[in-house]
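So the protein lines, in turn, are chains A and B. So the first sequence is numbered by our numbering: it starts at 2 and just counts up by one. So the second sequence is numbered by our numbering: it starts at 2 and just counts up by one.
FYI, nobody ran anything at the bench for these hints, they're computed from the structure. Given the structure is predicted, the values throughout are model-derived calculations rather than measurements. Accuracy of the hints is not assured; some may be wrong.
Since the list gives no way to pick out one identical chain from another, each pair is judged satisfied if it fits inside one copy or across any two copies.
Said to hold, decoys possible - The calculated lysine to any residue pairs, modelled on SDA-like cross-linking and capped at a C-alpha distance of 20 Å, are:
#1 Lys206 <-> Pro7
#2 Lys206 <-> Asp360
#3 Lys304 <-> Arg5
Number of protein chains: 2
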Amino acid sequence: MYHRGPEFAELLAECQIRLQACFGTTDPVLTLSASGTGAVEAAIANLVAPGERLLAIKTGKFGRRIGDIAQCYGAEVTWLDCPPGDAADPHLLQRALSESRFDALGFAYNETSTGVAQDLAAIAAAAVENRVLTIVDAVSAIGGIPINMEANALDAVVGGSQKALMLPPGLSFVALSPRAQLKLQQTTCPGYYFDLSRALDALRKGQTPYTPAVNLFSGLREALRIIHREGLAEVFRRHHCLGVACRAAMTAAGLALLATDERCASATVTAVRMPEDLDSSELVRRVRERDNILIAGGQDDLKGRIFRIGHLGTCGIDNLAAPVAAVADNLAEMGCDIDAASAVTAARDAFQTCQESSDAYDTGL
Amino acid sequence: MYHRGPEFAELLAECQIRLQACFGTTDPVLTLSASGTGAVEAAIANLVAPGERLLAIKTGKFGRRIGDIAQCYGAEVTWLDCPPGDAADPHLLQRALSESRFDALGFAYNETSTGVAQDLAAIAAAAVENRVLTIVDAVSAIGGIPINMEANALDAVVGGSQKALMLPPGLSFVALSPRAQLKLQQTTCPGYYFDLSRALDALRKGQTPYTPAVNLFSGLREALRIIHREGLAEVFRRHHCLGVACRAAMTAAGLALLATDERCASATVTAVRMPEDLDSSELVRRVRERDNILIAGGQDDLKGRIFRIGHLGTCGIDNLAAPVAAVADNLAEMGCDIDAASAVTAARDAFQTCQESSDAYDTGL
């Protein structure tokens with residue numbers, strides 16, 4: 002498909018409407034041919050001028066990356082540290098924002114490295130009150146967890162193709178509020194490929210500024226149609242209940258969750274503490290080799306100490322039951338006293354109860 | 002495929018060896034998840050420090066882009082203008098380089114917008130003599146035209162997935178000479194996603210710094226195997242002869258080539274002047290609608306005035322005969338006195354003669 006022709010423009014227009022639904026916005030969603038980190042960089046490079054002050058919520062690897070990139074672009078970065086497994090404490094955030102003047106607030110809405118989702122309403126309220134521009138890494142949330150960008154008055158929200166949007170990696174997204182678009186006009190982007198003004202201009206013509214990863218765009222249209230057919234509210238509900246189910250299973254197995262506060266637990270990825278004296282790298286290897294299932298270990302400081310189960314995208318309860326059983330079986334083989342059957346039963350029961358009792362999600366549109 | 006596992010590392014290692022052959026180098030070839038412009042930007046951001054002086058050969062849209070990006074990164078850019086259809090004049094280049102001190106020379110080896118290939122040996126000699134770092138956009142050359150990076154002492158060569166490498170767009174490449182790697186260590190890259198030091202470190206571990214476009218990497222391995230099976234020297238010969246054939250056909254049809262000097266004509270794309278008073282946009286539209294074949298118009302100043310036929314990747318003489326016939330037929334319908342049959346015959350005859358008489362290419366390895 003020629004990326005300067007009417008066929009591509011039509012594809013882009015369809016993706017645009019459906020992406021906006023996933024982001025909960027009527028504002029433009031720019032699609033970049035780069036992975037999520039590229040889109041986070043684009044948001045920062047275009048919206049945070051050198052010397053401006055950014056508060057970065059350090060929940061883990063991805064929260065930290067926002068601050069790292071902002072420093073790289075000459076911003077003055079202050080960190081709000083969160084213990085691993087915790088979301089930002091709204092009171093501490095409010096205090097940090099009010100104690101000194103910040104231009105921007107950066108955070109990972111759904112911190113993939115710890116399985117933590119932020120209390121978005123509280124963060125949004127603090128951001129609005131303190132008039133800071135919000136830059137949100139929502140790579141592992143978009144298409145799985147509602148973000149209601151417009152209702153929450155968020156300014157720049159970043160998504161990725163390879164998480165709940167079910168595509169291979171290679172595309173990423175930046176949605177921009179009117180305020181962010183205004184800031185864009187006032188800020189000189191020091192780069193070229195990630196200059197979002199060019200992307201915004203091109204989008205109005207049904208194009209991208211440079212050759213896009215066309216086949217991934219075709220895949221994106223299909224993925225968004227799949228989500229549309231299931232219904233976005235149903236997709237959000239399913240993810241919510243998968244999170245509930247995974248946590249129920251791990252708890253039933255006698256394991257400790259990294260995110261101890263249920264209100265801050267991610268709907269797309271669950272992080273679980275390894276039993277004392279065992280290394281999660283060993284569990285990850287065993288699960289891959291014995292069961293042909295890919296779970297993840299911990300990153301950076303959490304390496305070896307946690308494992309993570311992803312439950313997003315095409316995942317249903319049967320897809321979740323398999324890694325739950327594999328984790329429990331392999332931990333038992335590693336010497337833990339764990340009953341795999343009860344873990345799987347707990348997952349199935351919790352999922353069913355959740356699906357029947359949860360209210361339909363308000364997608365914010 | 003998990004991009005931090007041994008399977009991906011193995012894939013990357015195989016791609017590395019085969020990419021090196023295409024580039025004509027034993028130095029590392031970094032693969033970025035971005036389109037060609039991103040890789041050109043990466044080369045400049047990492048190798049040209051603010052305030053350094055770059056001479057940019059302005060052959061067309063892509064030669065100009067190198068200078069534009071360098072300006073964007075604070076380099077002092079001087080332009081060497083070439084009339085559309087001309088390659089850089091080696092004498093003028095030598096004079097420009099010797100008249101004042103430059104740090105770097107940027108050019109498009111194969112200028113897609115005009116169908117011009119540079120006299121690489123002459124440019125390389127001038128660059129070596131004047132000790133400038135060379136940054137080469139070879140997006141539409143790699144895998145179709147030999148560049149012999151090492152033999153020509155080029156420093157940073159950029160390729161793309163979607164041209165002669167036959168893949169969809171989304172991956173791009175930067176190969177770095179030892180001198181470029183040294184410069185990399187001495188230069189602070191102002192960006193993050195395109196920081197080639199990180200990419201180089203990750204490559205040594207069989208990884209990429211950020212989530213790569215995994216499915217395109219799988220495709221890349223297959224594409225490189227296809228090239229390997231045909232034999233790189235044979236692939237280069239076929240492209241050379243396709244260029245000869247396309248130019249013979251256009252000339253037989255009474256049309257004028259944009260690149261009048263046969264020695265500077267591209268082997269992967271041929272640019273042809275539109276007959277007076279006719280608009281190439283109209284021809285492009287007709288060929289697409291009547292024949293379902295995609296040819297390209299001119300870009301920027303050449304819009305409407307030229308059309309371009311791509312003949313690269315999986316293209317053989319039969320694939321070339323089709324657009325040749327379509328162009329001739331549609332031009333005839335637009336009122337030109339053109340004999341389509343003789344154009345196609347000229348293409349086939351020239352291709353056969355060329356294939357039989359050309360020496361095998363030295364791939365430089």
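Okay, the hints, checked on the actual structure:
| no. | hint | result |
| --- | --- | --- |
| 1 | Lys206 <-> Pro7 | within (10 Å within a copy, 42 Å between copies) |
| 2 | Lys206 <-> Asp360 | neither (40 Å within a copy, 47 Å between copies) |
| 3 | Lys304 <-> Arg5 | between (45 Å within a copy, 14 Å between copies) |
Checked against the numbered hints given earlier, this structure breaks only hint 2.
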